[in-house]
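Given the coordinates of chain A, work out where chain B should sit on it, guided by the hints.
So the protein lines, in turn, are chains A and B.
Numbering-wise, the working numbering puts 80 at position 76 of the first sequence, and it's gapless, one number per residue.
Numbering-wise, the working numbering puts 170 at position 148 of the second sequence, and it's gapless, one number per residue.
Hint data in this document are derived by calculation from the structure and do not stem from the laboratory.
Incorrect hints may have been included.
With beta-carbon atoms standing in for the labels, derived distance ranges [stated by the list, open to error]: (1) R37/B - P40/A: 42 to 52 Å; (2) E282/B - W277/A: 29 to 39 Å; (3) W277/A - Q40/B: 51 to 61 Å; (4) G212/B - V107/A: 52 to 62 Å; (5) L307/A - G62/B: 31 to 41 Å.
These numbers come from a predicted model, not from an experiment.
Where is the CB? At the ideal position from N, CA and C, for every residue including glycine.
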Amino acid sequence: MAGLVGLLILAAIVPLNVAFLVLVERKVAGHIQLRPGPMEVGPHGILQTLIDAVKLLGKEMVTPQSTDKLLFFLAPIIIVVPAFVGFVPIPFSPMMQIREVNVGILLIFAFSSISVISILMAGWASNNKYSLIGAIRSVAQNVAYEIPLLLATMSVIIMTNTFKMGEIVQAQSPVWFIFYQPIAAIIFFIATTAETNRAPFDLVEAESELVSGFHTEYTGMRFSLFFLAEYTNMVIAAAMFTVLFLGGWHGPVFPGMIWFLIKTYFLIFVVMWARWTYPRIRFDQLMNFAWKVLIPIALVNLLITAIVLKVI
Amino acid sequence: MLNVRTIDDATVGQRVYQLNLGPQHPSTHGVMHLLVTLDGEVVVKVEPVIGYSHRGHEKMAENRIYEQFLPNPARMDYLSGMIFNHGYCMAVEKLCGIEVPRRAEYIRVITSELNRISSHFIGAMDFAMGLGAITPFLYGWDDREHILDLLEGITGSRLTYSYGRFGGVRNDITKEFYDGTRRFIDRLRGRFWDYENLINQNIIFIKRSKGVGVITKEVALEYGVTGPTLRGSGVSYDVRKQEPYSAYPEFTFAIPTREEGDCLARYQVRMAEMEQSLNIIEQALDHLPPGPVRAKVPRFVTPPEGDCYCAFESARGAVGFYIVSDGSRVPYRIKVRAPSFSNLFVLTEICPGHFLADVIAIFGSIDVTVPEIDR
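Next up, chain A with everything else stripped away, as it sits in the complex (with noise of 0.2 Å):
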């Protein structure tokens, strides 16, 4: 019963979330660029995304001639799902917490991984040169970046013996991961930013150079659905980042959920700073970095993790 309330509330604030998120973008971007961001809707323009959002649901749903339909017409659907189930395990505080899960990382890197075959199903199924393109370079992305994204939350789990993210937020009562294993935290930071195709590591929808990429084709709430699922995946990211490395609800004076979110939405700051002032970096640099740099470095971490704590 718990857990069916604990969905309905998913339900609720999931969209409502990345509203507020995709209006914090637009307002971080406007004042990093010298400007105020949308202004027009309601004070400060904070009722934009409410009403950009009623537009694309009164947009028609163009599906081209020569898409594969089927496809096509389920690609949105099927990205939207593993970025709800995703919250199911994250304990926002030691009470507000969905379903602990025995092996709750695990979830959320398993369905996050559909993501990446619906984005190959959009890319496809469009029929379109930009969107292939872009489909292509992001499985190729993710399965690069998942690699040392698994290698670095593995140096946790060494430290912590467990896959529950309850266990895990209270085993940094009094130290936070991120000073156990910084360098575990900054690979997982910079592979989560790759995973959820954030700049500077956005070349799955490289405007400048693929219009869109795979969303290309889409129009209206497919479209909003594909937007809606990736601010979320940026919130999940940011989520976990803030259970494996921040101490989770740890924190004075507030409630744990305050400083939960806190935490999280400070680094989705974060990844929002970083992509109005870098540019996006190229496909082999991409690959160089992650299977030249990221991986190898974090494979010395965990061997140096697990000799400190298990042989020592």
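The following block gives chain B in isolation, referenced to the frame of chain A:
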């Protein structure tokens, strides 16, 4: 650079595929169309397809009197309209033998150099945007806005100025313009530090642009490349220095060059040229001579029979106006040598072997305007 097997057309549709970059594409500004043949993400061949923005300016010139053609040059290269307008006036003055007052020449130089800075802002910052950095672009637009405001104050328009007249300029500059330009120079000199921090020292920016799209000196000269693109390849050629015109011989300024010939070099040349332009403007404002801003010329000029070629340096390279007169009030033929045209086709030589993302970078670093290519 990757090694790419050369392919013939028969294999198109099998291993390689063609991608239409444009005519509507976010980073081929205007209506540029690049037909790119790709092997995976590696470019095998690039063919620029031109003509989408052809408006027949040269043909238009044959059907209207010299004065009526005044607004047209600014519409060829809409980003450096002032310089084109200046150049067209110079060509007609050369044909008719009109003497221009010194104050007018100085004002032309000031406005042209302001226009050059605003154009270089677009060129350099648009290149950064092609690499995915959107913020520098808006920083550039913020500075450019000041130039547009200044020029709007004296010419009345923000982009396609028709400020020059045969024998001078339309009106004298105002005190607001004079003071505003001084303030702008101070402001921009302080801002270069920002750009240095935001772009030049950014490791991703350098990785994306260093060694990418190298135009060697020989290739550049072979294709007739001019402007910052040529100077980025180590050839110190600038019409303002080599064949001085207007009041340029009276100012001291350097011609920034880079030896590397890559995207980064072209970007650096543009940024360095902006500083030189500021120097020129400052000198011109310091020694602005008094006097009239327009010579006494008839209401409608009637050049003698003959022809003349007038070269000048726009923000994109060496422009040439070749005017043939049959002695009437209507030009017999006006031929424009547009730098963007030559600069664009060097793409076919340097792009193969690069990645698709590099094509955007190279295209941005060459900085062409489409209406100028098509005229």
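To see whether the hints hold, each was checked on the structure:
1. For the hinted restraint 42 to 52 Å between R37/B and P40/A, the CB-CB distance of approximately 50 Å keeps it satisfied.
2. Between E282/B and W277/A the beta carbons are some 31 Å apart, a value that agrees with the proposed interval 29 to 39 Å.
3. Distance hint check for W277/A and Q40/B: the Cβ-Cβ separation is about 39 Å, which falls outside the suggested range of 51 to 61 Å.
4. Separation of G212/B from V107/A is about 56 Å and conforms to the stated range, judged on CB atoms against 52 to 62 Å.
5. For the hinted restraint 31 to 41 Å between L307/A and G62/B, the CB-CB distance of approximately 35 Å keeps it satisfied.
Checked against the numbered hints given earlier, the structure breaks only hint 3 and satisfies all the rest.
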